[in-house]
Amino acid sequence: MEKTLEDLAELVGGEVSGDGAIRIKGIKGIAEAEKGDITFLTNTKYLPLLKTTKASAVIISPEIKTNLKTPALLSQNPYLAFAKILRLFYQKTYQSLGISKHSFVGKEVTLGEELSIYPFVYIGNRAKIGSRATIFPGAFIGDGVTIGDDSIIYSNVTIRERCTIGSRVILHPGVVIGSDGFGFAKDGNQYFKIPQTGIVKIDDDVEIGANCCIDRATLGKTWIKKGVKLDNLIQIAHNVEIGEHTVSAAQVGISGSVKIGSHVTIGGQVGTVGHIKIGDNVTLTARCGVTRDIAPDQFLGGFPAIPHRKWLKAQAGFLNLPDLRKRIAEIEKEVQILAEELKKRGEENE
Amino acid sequence: MEKTLEDLAELVGGEVSGDGAIRIKGIKGIAEAEKGDITFLTNTKYLPLLKTTKASAVIISPEIKTNLKTPALLSQNPYLAFAKILRLFYQKTYQSLGISKHSFVGKEVTLGEELSIYPFVYIGNRAKIGSRATIFPGAFIGDGVTIGDDSIIYSNVTIRERCTIGSRVILHPGVVIGSDGFGFAKDGNQYFKIPQTGIVKIDDDVEIGANCCIDRATLGKTWIKKGVKLDNLIQIAHNVEIGEHTVSAAQVGISGSVKIGSHVTIGGQVGTVGHIKIGDNVTLTARCGVTRDIAPDQFLGGFPAIPHRKWLKAQAGFLNLPDLRKRIAEIEKEVQILAEELKKRGEENE
Amino acid sequence: MEKTLEDLAELVGGEVSGDGAIRIKGIKGIAEAEKGDITFLTNTKYLPLLKTTKASAVIISPEIKTNLKTPALLSQNPYLAFAKILRLFYQKTYQSLGISKHSFVGKEVTLGEELSIYPFVYIGNRAKIGSRATIFPGAFIGDGVTIGDDSIIYSNVTIRERCTIGSRVILHPGVVIGSDGFGFAKDGNQYFKIPQTGIVKIDDDVEIGANCCIDRATLGKTWIKKGVKLDNLIQIAHNVEIGEHTVSAAQVGISGSVKIGSHVTIGGQVGTVGHIKIGDNVTLTARCGVTRDIAPDQFLGGFPAIPHRKWLKAQAGFLNLPDLRKRIAEIEKEVQILAEELKKRGEENE
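Residue numbers (the numbering used here), protein chains in the order written: chain C, 955 to 1304; chain W, 955 to 1304; chain E, 955 to 1304.
Hints in this document: simulated from the structure, not taken from any laboratory. There could be a bad hint or two in this list.
No distinction is drawn between identical chains; accordingly, a pair holds when it is met within one copy or between any pair of copies.
Each computed DSS-like pair below joins lysine-lysine, with the alpha-carbon atoms no more than 30 Å apart [what the hints assert, rightly or not]:
{"#": "1", "residue 1": "1231", "residue 2": "1140"}
{"#": "2", "residue 1": "982", "residue 2": "1175"}
{"#": "3", "residue 1": "1023", "residue 2": "1061"}
{"#": "4", "residue 1": "957", "residue 2": "1055"}
{"#": "5", "residue 1": "1231", "residue 2": "989"}
{"#": "6", "residue 1": "1008", "residue 2": "1046"}
{"#": "7", "residue 1": "1005", "residue 2": "957"}
{"#": "8", "residue 1": "1213", "residue 2": "1147"}
{"#": "9", "residue 1": "1147", "residue 2": "957"}
{"#": "10", "residue 1": "989", "residue 2": "1287"}
{"#": "11", "residue 1": "1280", "residue 2": "999"}
{"#": "12", "residue 1": "1267", "residue 2": "1046"}
{"#": "13", "residue 1": "1140", "residue 2": "999"}
{"#": "14", "residue 1": "1175", "residue 2": "1008"}
{"#": "15", "residue 1": "1082", "residue 2": "1213"}
{"#": "16", "residue 1": "999", "residue 2": "1297"}
Please take these sequences and the hints and turn them into a complete structure.
As structure tokens, this is what we get:
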């Protein structure tokens, strides 16, 4: 495929600076790009590389375009422009592979059209699979599971009984949906297992990273709402709800019955206690530990989580603690000297 | 199924308050319950919901039952009562599915009675599987592995060679038992792999959460004792021992050769260094980092782990650090003023 | 197998102390060893056990050998000596199992010699598998994947399309190689998926722990270099590079585009922000959080990561914060008293 820079600008709703007729054959990173490639600059840290890149054009924000010799595609959202052009050059059209005879399909299963079911896929009884869904080898689809249209279930994913998966959902390899919630009642010195009778409901356009675990509800449902994006190795406990278009970085742990709002941003390795509410548009920076309800629109860090700016200050104070202790010891000495001096003077005056 | 409130009280060893003849058809959360359902209240936070619930009865502790109009099942352990009634209404009786012809069973395998072996299960040579065990699709049972009666091995679980699994054990999807311990000897600038020749032994009534990893011992065994319950995504290193009826929340990491006592409670995202002992009945609160031996009956938090109460105080001090620094700067100024004043007076007096 | 102590000393390049003709039949831990076994002592913590061990000989460093009655194999690197003797007694020679007829092999696949391909293995089109590779049940090898000679791919591993795996690589159960990087461009209120078009390249002699996730690059490659050893449940984001012979403990998270040098040592539960460089020979102690570029040869701890020694001091200060606050309150009181006294004297003098 070959496009002019003008074609690309039109596709992404941007403007051309320089020669718009230049022909673009691919898209590469700024260091790897060759003649004929378009590249992109979204992090000003990499600005110096613009002088040495061999790329024929660069996607860039109009604000940081300064004395640029390379032809440019100016975009208010260069990252989005980059993503759209990448999709143009790389994304393949879906082709149905059919249903492998090496897969296992249970009884009373409802299958959509143009499916791709790989070998060693297990589909339980009464499952419903939407059209153009792709299910990779080793995936386990439990009894009564529903999967929407155009969803991709990667290899070795588990979706346990009765859970529902929306349309255009992507479950990366090793994801576990609908494992038992961690519920035990103390019975003397032992633990009595609480049956986990609920389900997991995953709405449309959700993407869940490799080896994430999303437990089913004790009663009712664990609910991941429309457009949520989860990175790898995340733990979502039973009865959690995550609001629309919330994103989370890797290795986060959300405890039981937590309700997270929409458009929340969660950094890596964050954790929460159970039974709390986190409002819409909250940002939890990496490693923050949330121990109470959080009002909407907060920007938090630290453990326990406090306003990020306040946390940064406390953190700076923490690093200066040895210095602080030294200063306090010095003051103590000085105050003692003053007190003694004052006492001496007093005695002299008597 | 339908039971009277009196029947249920008898089942769980509780008492009835109000109409014991009322008929109960199901059990639901306090917000979702309908007429004919029993609900439960174990967290006083949700007490206000009691006024609006449509449930026909509620499981509650005698202590928090105040002016209750709804018929109630009074129990000293309402959570346990809830669990038992949930099991009554929801738990299915085990039904053997037999051994799928799409599974693979090795040589000299000993198989118990009434098994459920799903398609795409691999069972290695000389394995022994107890009666009424269920093994879901994609599970790998290595050579010489033993699995006890009534155990459930979910989809895509790996149990490597020679490991032993007790009776009534539940391994959730993606669990890895018996992977090599992380052992390397430095050999100049490189690492020399130490063969991991031991096993993992899992005793009766253990439950292990989705995608947990339990490494085999270098020599001897990694040992998870009777009744231990592990949540998801936990890492247990080689040669670790975990005592009876210890429970751990998700994403915890236990380093090599750590010995944990019985009835220990471990919060989420806790970590430990290697080669330490943690005594019986210890509680490690969420995210705590243990760096030394811990005596029994301690309640610890923080990193490095200290008594939880002390940690909370230090944590409060941490958040007030910017304020503390300001106070110190003010004292320094004041002391300087005092010192100058005193010096001036001294000079005046001379 | 039986070897004299002298044979073993020769094998590992060590020296004999005591009877070198003594015959050794096995190797065990110091507490479990019986007559005929050799044992080892690498941690001085276990020194008292030397008096009670039943072992016929012990591997030990010449420095800590004191009044030893047991015959000993003296080695400057006792851990390496132990590893080599363990390998001698335990390691089996590789035996090819052939290619199971219950596996699935795609089109135009290139297969090496003496392979062991288990049942329920899926190998995609145009994949290339080196000689003497072992691929366990449930492993998914995507289209165009390359695997080198003598590599071991354990059960339920996923290697997605086009990724390359070197020779003598070990991927433990549940590992995911080449899942999509976590890349989304904000598009109004929603997220637009950035196609992840790159690959993961894993060089020779790498070992990756159970359920680790290594994402493919957005463009180009995520690159794990020669001899890297990763423990379990580690997250490696897109476009990361990890230098030769770097080792990492479990549950570590490395964010996108981070470049880690060679011979780096990473403790458990460490995390990093994205787009930073960590120099050669750096040590990051357990749980440390790296937020900026790190020069070579640093030894760091804490969050944000600072020199470990400094962090330990600050940490000690943290635990003493309640005491510090008390001292400050006392000084404030004392300074006030002094000020009042001084004021009074001033007034008296007027």
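Hint by hint, where does the structure go against what was stated? Just the numbers, ascending.
Violated: hints 3, 4, 10, 11, 12 and 16.
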